[in-house]
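> As a plain string of letters, each chain reads:
Number of protein chains: 2
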Amino acid sequence: MPPIVSIVGKSDAGKTTLLERLVPELKARGYRIGTIKHNVHGFDIDHEDKDSWRHKQAGAHTVAISSPKKVALVKDVETEETLNSLATKYFQDVDIVLTEGYKQEDKPKIEVFRSQVHETPLCKGDEHLVALVSDTSLDLGVPRFELDDIRGLAGFVEQRFLVKSSQVIR
Amino acid sequence: MPPIVSIVGKSDAGKTTLLERLVPELKARGYRIGTIKHNVHGFDIDHEDKDSWRHKQAGAHTVAISSPKKVALVKDVETEETLNSLATKYFQDVDIVLTEGYKQEDKPKIEVFRSQVHETPLCKGDEHLVALVSDTSLDLGVPRFELDDIRGLAGFVEQRFLVKSSQVIR
Chain A
307 MPPIVSIVGK SDAGKTTLLE RLVPELKARG YRIGTIKHNV HGFDIDHEDK
357 DSWRHKQAGA HTVAISSPKK VALVKDVETE ETLNSLATKY FQDVDIVLTE
407 GYKQEDKPKI EVFRSQVHET PLCKGDEHLV ALVSDTSLDL GVPRFELDDI
457 RGLAGFVEQR FLVKSSQVIR
Chain B
307 MPPIVSIVGK SDAGKTTLLE RLVPELKARG YRIGTIKHNV HGFDIDHEDK
357 DSWRHKQAGA HTVAISSPKK VALVKDVETE ETLNSLATKY FQDVDIVLTE
407 GYKQEDKPKI EVFRSQVHET PLCKGDEHLV ALVSDTSLDL GVPRFELDDI
457 RGLAGFVEQR FLVKSSQVIR
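Which chain is which? The protein sequence lines are A and B, in order. Quick note: the first sequence, position 162, residue 468 per this note's numbering, numbers continuous. Quick note: the second sequence, position 168, residue 474 per this note's numbering, numbers continuous.
Careful: at least some of the hints might be erroneous.
Given that identical chains are not distinguished, each listed pair holds provided it fits within a single copy or across any two copies.
[As the list claims (entries may be wrong)] Heads up, simulated DSS-like pairs for lysine-lysine below, C-alpha to C-alpha not over 30 Å straight-line: (1) Lys362 x Lys316; (2) Lys376 x Lys316; (3) Lys356 x Lys409; (4) Lys470 x Lys413.
Read the hints as simulated data drawn from the structure, not as lab findings.
One chain only, chain A, in its complex shape (with noise of 0.2 Å):
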């Protein structure tokens, strides 16, 4: 199973944005990424390919859409997944996964904080924060990187999750 790192943060902190930045950067350095949206209220995914969203909509408990270059599927579930069944079931084939949200699950976490738009961090005094993301000078006790130091995240990300100890030990 492949490490997973959550980016958390309280609503329009900037997570997907944060994400949005933090994959190529991961990417240009080699590494095959994976993504989970923690998505509570439900979703409608598949309107663009008009026959599979009927399938869909026709009662189908599993639909898959397969191309020379892409496999989307839609799955019903009886219980939420966790991010271990996730990642597990789906993401064998990258090198991590950067969830966004889950900041109930205990995985390691990277917190988004935005003074400008919160009073409060989320994550202060939580033992899986590993990494804070702020416009502001705030001592959580773990790295703080400016919301501009993508390559600096990155370097932390890849030394704490992605690098191998073979690699480390050279």
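The hints should help you fit chain B onto chain A, whose structure is shown.
Frame of chain A; chain B shown alone:
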């Protein structure tokens, strides 16, 4: 691996419409259905959840959205997945997989043929053809069903691919 049956036919023969009617009929009989749509031209599927779409656009290899009732996944592939590979990876929890298309693979096939749209059927002489659904009397050496005879077709699929041997014996 669940049984796989392909609904095939020329373009605009009515494959999606047939699946749309067959899925609920089989579901009503207590089966859990999976479907696979063959898309040779590629597709976009994840516009509805803007955030996951942004992850994919940013270069993620695999993107999932997980909610309490549904999981959606978009994954890059190096080479196109076979039906067996898709069924093994993603359809272990359904009773049967119905595909739309995949006339090249060697799965049992049900052809939809409408004489109002095409002059000749697609699968004449195909050894994998197991049934014909058509608007005209035509003997291809396999059972034929009228376009509206969804119950008849579902009964055929059930008997041939879903009824366990123990149930047949009783």
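> At 30 Å max between alpha carbons, let me know whether lysine 356 reaches lysine 409 within a copy, between copies, both or neither.
between (34 Å within a copy, 20 Å between copies)
> Quick one: lysine 362 to lysine 316, C-alpha cut-off 30 Å, is that within a copy, between copies, both, or neither?
between (33 Å within a copy, 22 Å between copies)
> Evaluate lysine 376 and lysine 316 at a C-alpha cut-off of 30 Å and name the case that applies: within, between, both or neither.
between (32 Å within a copy, 23 Å between copies)
> Is it within, between, both, or neither for lysine 470 and lysine 413, if the alpha carbons may be no more than 30 Å apart?
within (19 Å within a copy, 43 Å between copies)
Hint compliance for this structure: every hint is met.
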